[in-house]
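Each chain, letter by letter, is given below.
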Amino acid sequence: MDNLEGIDLEVYGEASISSDEERILDELGIHGAERRQFLGQSLSGAVGLFAFHLLAKEQALGAVEISPEALYSPNAGIENAVEVAFKVNGAAQKVQVDSRMSLLDTLREKLDLTGSKKGCDQGQCGACTVIVDGKRVLSCLTLAATCKGKEVTTVEGLAKGEHLHPMQAAFIKHDGFQCGYCTPGQICSAVALLDEAKRGEASHATSNVRKQSSGLKLTDDEIRERMSGNLCRCGAYPGIVAAVKEVQSGARTAATWHFATEEEIAAAMNTEVKVDATV
Amino acid sequence: MRPFKYTEASDAAVATRAVAANPEASFLAGGTNLVDLMREYIAKPNELVDIKPLAMSQIRPTSSGISIGALARNTDTANHPLVRKDLPLLTMAILAGASPQIRNMATNGGNLMQRTRCQYFYDITMPCNKREKGSGCGALEGLNRMHAIFGHSKDCVATYPGDMANALYALDAVVKVRGVDGKERSIAINDFHRLPGTTPDIDNSLAHGELITSIEVPKNKFAERSYYLKVRDRASYAFALVAVAAALEMDGDRIKHARVVLGGVAHKPWRSAEAEKALAGKPANRAAFEAAAEAALAGAKPLSHNGYKVDLAKRSIVVALERAMGVTAND
Numbered sequence: 004m005d006n007l008e009g010i011d012l013e014v015y016g017e018a019s020i021s022s023d024e025e026r027i028l029d030e031l032g033i034h035g036a037e038r039r040q041f042l043g044q045s046l047s048g049a050v051g052l053f054a055f056h057l058l059a060k061e062q063a064l065g066a067v068e069i070s071p072e073a074l075y076s077p078n079a080g081i082e083n084a085v086e087v088a089f090k091v092n093g094a095a096q097k098v099q100v101d102s103r104m105s106l107l108d109t110l111r112e113k114l115d116l117t118g119s120k121k122g123c124d125q126g127q128c129g130a131c132t133v134i135v136d137g138k139r140v141l142s143c144l145t146l147a148a149t150c151k152g153k154e155v156t157t158v159e160g161l162a163k164g165e166h167l168h169p170m171q172a173a174f175i176k177h178d179g180f181q182c183g184y185c186t187p188g189q190i191c192s193a194v195a196l197l198d199e200a201k202r203g204e205a206s207h208a209t210s211n212v213r214k215q216s217s218g219l220k221l222t223d224d225e226i227r228e229r230m231s232g233n234l235c236r237c238g239a240y241p242g243i244v245a246a247v248k249e250v251q252s253g254a255r256t257a258a259t260w261h262f263a264t265e266e267e268i269a270a271a272m273n274t275e276v277k278v279d280a281t282v
Numbered sequence: 026m027r028p029f030k031y032t033e034a035s036d037a038a039v040a041t042r043a044v045a046a047n048p049e050a051s052f053l054a055g056g057t058n059l060v061d062l063m064r065e066y067i068a069k070p071n072e073l074v075d076i077k078p079l080a081m082s083q084i085r086p087t088s089s090g091i092s093i094g095a096l097a098r099n100t101d102t103a104n105h106p107l108v109r110k111d112l113p114l115l116t117m118a119i120l121a122g123a124s125p126q127i128r129n130m131a132t133n134g135g136n137l138m139q140r141t142r143c144q145y146f147y148d149i150t151m152p153c154n155k156r157e158k159g160s161g162c163g164a165l166e167g168l169n170r171m172h173a174i175f176g177h178s179k180d181c182v183a184t185y186p187g188d189m190a191n192a193l194y195a196l197d198a199v200v201k202v203r204g205v206d207g208k209e210r211s212i213a214i215n216d217f218h219r220l221p222g223t224t225p226d227i228d229n230s231l232a233h234g235e236l237i238t239s240i241e242v243p244k245n246k247f248a249e250r251s252y253y254l255k256v257r258d259r260a261s262y263a264f265a266l267v268a269v270a271a272a273l274e275m276d277g278d279r280i281k282h283a284r285v286v287l288g289g290v291a292h293k294p295w296r297s298a299e300a301e302k303a304l305a306g307k308p309a310n311r312a313a314f315e316a317a318a319e320a321a322l323a324g325a326k327p328l329s330h331n332g333y334k335v336d337l338a339k340r341s342i343v344v345a346l347e348r349a350m351g352v353t354a355n356d
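Line by line, the protein sequences give chains A and B. 7 is the number that my numbering gives to position 4 of the first sequence; each next residue is one higher, with no gaps. 189 is the number that my numbering gives to position 164 of the second sequence; each next residue is one higher, with no gaps.
Calculated directly from the structure, the hints in this document are not laboratory data. Small disclaimer: the values here were computed from a predicted structure and weren't measured. A hint or two may mislead.
Claimed, not checked - Derived CB-CB ranges, DEER-like:
id : chain 1 : residue 1 : chain 2 : residue 2 : range
1  : B       : D197      : A       : H261      : 55 to 63 angstroms
2  : A       : D178      : B       : P152      : 33 to 41 angstroms
3  : B       : R85       : A       : D223      : 33 to 41 angstroms
4  : B       : P152      : A       : G80       : 30 to 38 angstroms
5  : B       : K110      : A       : A172      : 52 to 60 angstroms
6  : A       : K220      : B       : L107      : 19 to 27 angstroms
7  : B       : E166      : A       : K163      : 33 to 41 angstroms
8  : A       : D223      : B       : Q83       : 51 to 59 angstroms
9  : B       : K246      : A       : K220      : 49 to 57 angstroms
10 : B       : A37       : A       : Q99       : 47 to 55 angstroms
11 : B       : H330      : A       : D223      : 48 to 56 angstroms
12 : A       : I81       : B       : E49       : 18 to 26 angstroms
Unchecked claim - Footprint (simulated), chain A over chain B, 3 or more residues, beta carbon under 8 angstroms:
id : region
13 : 99 to 111
14 : 152 to 163
15 : 174 to 186
16 : 275 to 287
17 : 315 to 325
All C-beta atoms in this analysis are idealised placements derived from N, C-alpha and C, irrespective of residue type, glycine included.
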């Protein structure tokens, strides 16, 4: 490794690692030059035991698993390459991916569609929600290899040119976000929810699942339950529920905020601040 | 994630042969549990055989009940008109689990195959006999408020986190499995999952390479009176602290048959023969429900931080049975 030149391995050497850390390296079979290289990279002492364990594991697995054949294969280093032809936001795409690559990483890294967000990468937050063949799914837990022939819609595919999807417009109108990181997932989820309600699908909030009908009108409780796979750390939930409700019910509701008009700004500037002299 | 070879199965025979031939191979269906475990270096298959292309997603009536394909998605199963009408307990249980996105991906067979797990299983810096045999159990003396009060061993105190299976236990389902030799065998659902004993690394009774093809649910008379109650730390999208699948069949004003299955209390769905026996022949009232709840929890062995589950389970059983009877006054 060129980037190790100049690093004094004595300083970051094995002398400064704990017995636990030593055991981890031994168990993973990292010895000699490989061990010194790893320690140089991880700047031992600056990482905790947990991070050390992970780094060592990555290193060991990487060292063991990349075969020479893979390095010189026509797929330019992609081991276990899988070719995936599918449609994304209406356009045909063909990509070659490592079998481990998630749909989320494929969208973001290979197709430059960075609207879908990586929140937890563990299926717990919903920020990566996209619509595959009409159903909302988690793109972080979907392997790209399983998407051959499928139609994927991301948040980038919802608007028609400059014309926002009604759900996008409603999220703005009802202040359905603060930082915006979970918003693409929230919106994809909400768009799919509309079809689910149209089809009459039940939820955990449905009082009697034996009663079946299509074209459901959802209560706030139903919307909260049906959106429960999308977490919002800013807590914009009231705005999200209001936005989904307006689009789902088709009944326009008043916005709770608006950008100040020029007149309102002028009026605010002219208002004298009255100081209460008794304080 | 460890590198793996990915293939799509063209038929069930090829799929089972491929997995059976490689001890480190796995079937891939919805992937909602497996891919997550692989990313955390807990599951480390070097080959995945994608079975989603196989034609095993039918849900259809049979002469003896309803046959549910192993590859039918959870969402489609919960919303199938036949299931909603005749097996509402199954619909309710599925809809109580995970999130809409995950239910859209997850299959019924995969749902049964999800690992019994706890946070120590997920934390690779902690000991866990399920993840690494012989390394010990971090939860036994650790943070175990989510853990088992029944059927645990000193080697593992984790709970089965699924909901769908709790309903299937109440409904006496049978799991149909295709062996490597191509022969089918049937496993009563109660024998499908295992208690931990000294081998918590083994969650179920399938041999490597065996493939679930369908779940058969026999006809029953519980559709009018069943309820799935799930008590959790937040209103949705969380594992159960305690869950109850309750179903009653009446004979006049007396209970003819009862089903009580507890979730979140053991390494597998915990069917309470004691509660069911206590309810048989009794009138469906609060006193009978409370007696059944006492009987169900008599053998509970709580750990250091989950003693609350005993009372919680008792109250949950009463509420679930009342709601199964259509009583909602105590909401």
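Tell me the hint numbers this structure goes against, listed in increasing order. Going through the list in order, the structure violates hints 2, 5, 7, 8, 9, 10, 11, 14, 15, 16 and 17 and respects the others.
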